[in-house]
Amino acid sequence: MPEPLDAALTEVRALLLDPALTRAVAAGRRKGQHPSVVRAELRPVTLKAGPRIQISTSDGHRPYTRNVARGAEADAAVDALLAEPFGNWHVETTGATLQLRVTKSGEAQVHRAAADRAAPAAEGHDRAKDWLLDPGDPLFAEIGGSAAKRRQVDAFLRALAATLPDDLDGPLRVVDLGCGNAYLTFAAYRWLAQRGLAVELVGVDVREDQRRRNTELAQRLGWADRVRFVAGTIADAVVEPAPDLVLALHACDTATDEALARAVRWGARWVLAAPCCHHDLAAQLRTRPAPAPYELLTRQGILRERFADVLTDSVRAALLRLHGYRAEVVEFVDSQHTPRNLLIRARRTGAEPTPEQRAEYRTLVEQWQLTPRLETLLAPR
Numbered sequence: 001m002p003e004p005l006d007a008a009l010t011e012v013r014a015l016l017l018d019p020a021l022t023r024a025v026a027a028g029r030r031k032g033q034h035p036s037v038v039r040a041e042l043r044p045v046t047l048k049a050g051p052r053i054q055i056s057t058s059d060g061h062r063p064y065t066r067n068v069a070r071g072a073e074a075d076a077a078v079d080a081l082l083a084e085p086f087g088n089w090h091v092e093t094t095g096a097t098l099q100l101r102v103t104k105s106g107e108a109q110v111h112r113a114a115a116d117r118a119a120p121a122a123e124g125h126d127r128a129k130d131w132l133l134d135p136g137d138p139l140f141a142e143i144g145g146s147a148a149k150r151r152q153v154d155a156f157l158r159a160l161a162a163t164l165p166d167d168l169d170g171p172l173r174v175v176d177l178g179c180g181n182a183y184l185t186f187a188a189y190r191w192l193a194q195r196g197l198a199v200e201l202v203g204v205d206v207r208e209d210q211r212r213r214n215t216e217l218a219q220r221l222g223w224a225d226r227v228r229f230v231a232g233t234i235a236d237a238v239v240e241p242a243p244d245l246v247l248a249l250h251a252c253d254t255a256t257d258e259a260l261a262r263a264v265r266w267g268a269r270w271v272l273a274a275p276c277c278h279h280d281l282a283a284q285l286r287t288r289p290a291p292a293p294y295e296l297l298t299r300q301g302i303l304r305e306r307f308a309d310v311l312t313d314s315v316r317a318a319l320l321r322l323h324g325y326r327a328e329v330v331e332f333v334d335s336q337h338t339p340r341n342l343l344i345r346a347r348r349t350g351a352e353p354t355p356e357q358r359a360e361y362r363t364l365v366e367q368w369q370l371t372p373r374l375e376t377l378l379a380p381r
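Residues in the sequence shown are numbered consecutively from 1, following the working numbering.
Treat the hints with caution; some may be incorrect.
What follows is a set of in silico ranges between Cβ atoms, one per label pair, in the way DEER data are often shown [unchecked claim]:
hint: 1; residue 1: Gln-219; residue 2: Pro-135; range: 20 to 26 Å
hint: 2; residue 1: Ala-114; residue 2: Pro-135; range: 42 to 48 Å
hint: 3; residue 1: Ile-302; residue 2: Ala-96; range: 52 to 58 Å
Hints were generated in silico from the structure; no laboratory data involved. Ideal Cβ placement from N, Cα and C applies to all residues, glycine included.
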């Protein structure tokens, strides 16, 4: 039920200044208005000078952080943020969670709930790591909270944060193709929802037992109305409507190609794929002579396998560019934690490829006599 915006913001103000505040995020924009910053985050910190409220803002290009003392300084800083035409507020205290969304008519849709986690201690200024998802979050009690898993979750969420725009404020449809036990799927939903976004997420895995397990976990977490799972292949599973964001994390060999092809055919706005097991082009390199003067690259078996990894992801990124995406390959977790640490990150621009881009791709695959699986999948039907 819509509420008067002024009254709802007064409630938000009280929570932001409450010593029980644990975290708050403001993002998005109201219809026809533009805040001076695209995102603001508030959290309590403890400095040598005493407790402070840390306010981190971003203009979309660079962050700015300041620590304000409670009292008149904090009052003024909070009032300034509340005067900004943000479209969404998400506020957490030790006792309650409040989510506010400003409607197109200028009213407030407010969801209030009891806190779903214990309050963390106020963070020190020199804390060891600023996690995107609190290590004490109840989610880790369900998916496991080992140090290695927390690092991988955090690395993935940072890659996701770098992919999505800071001012994203509309509903977000997400599909995770080949989700497996779905711990990164759940982490993505948790982090996106904490940003105040209305998220609908579908996980796809070929195994029915995984679907049942993940569905039961979503129910235990209270997310079953927003997070659901289907059993089916990456190529054929029914997902409607088409997603905005496609995830494919460690899908083996050509399963990554199938995920990328579905993302392109859906016209997904963003794609994050962590490839695994590059067998397809490796097998082709074993049966074809390397073009001169590159014979030394494939003569040794171990070097040929590693070269196939690089070649496969280079070809995938090039094909995404030819289909209207800006694509890059980045390292998203340190190689000491997993050797499969590359991430293909793509954003749809709709730009037509240049003749030079088409030519360099065609020259590469013809010189090496390759038939990339992704090219076959994206060929006109």
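Here's how the hints hold up against the structure:
The hinted window of 20 to 26 Å between Gln-219 and Pro-135 holds, with their beta carbons roughly 24 Å apart. At roughly 21 Å, the beta-carbon separation of Ala-114 and Pro-135 lies outside the given 42 to 48 Å, and the hint is violated. For Ile-302 and Ala-96, the hinted distance range of 52 to 58 Å is satisfied, since their beta carbons lie about 57 Å from each other.
The structure shown violates just one earlier hint, number 2.
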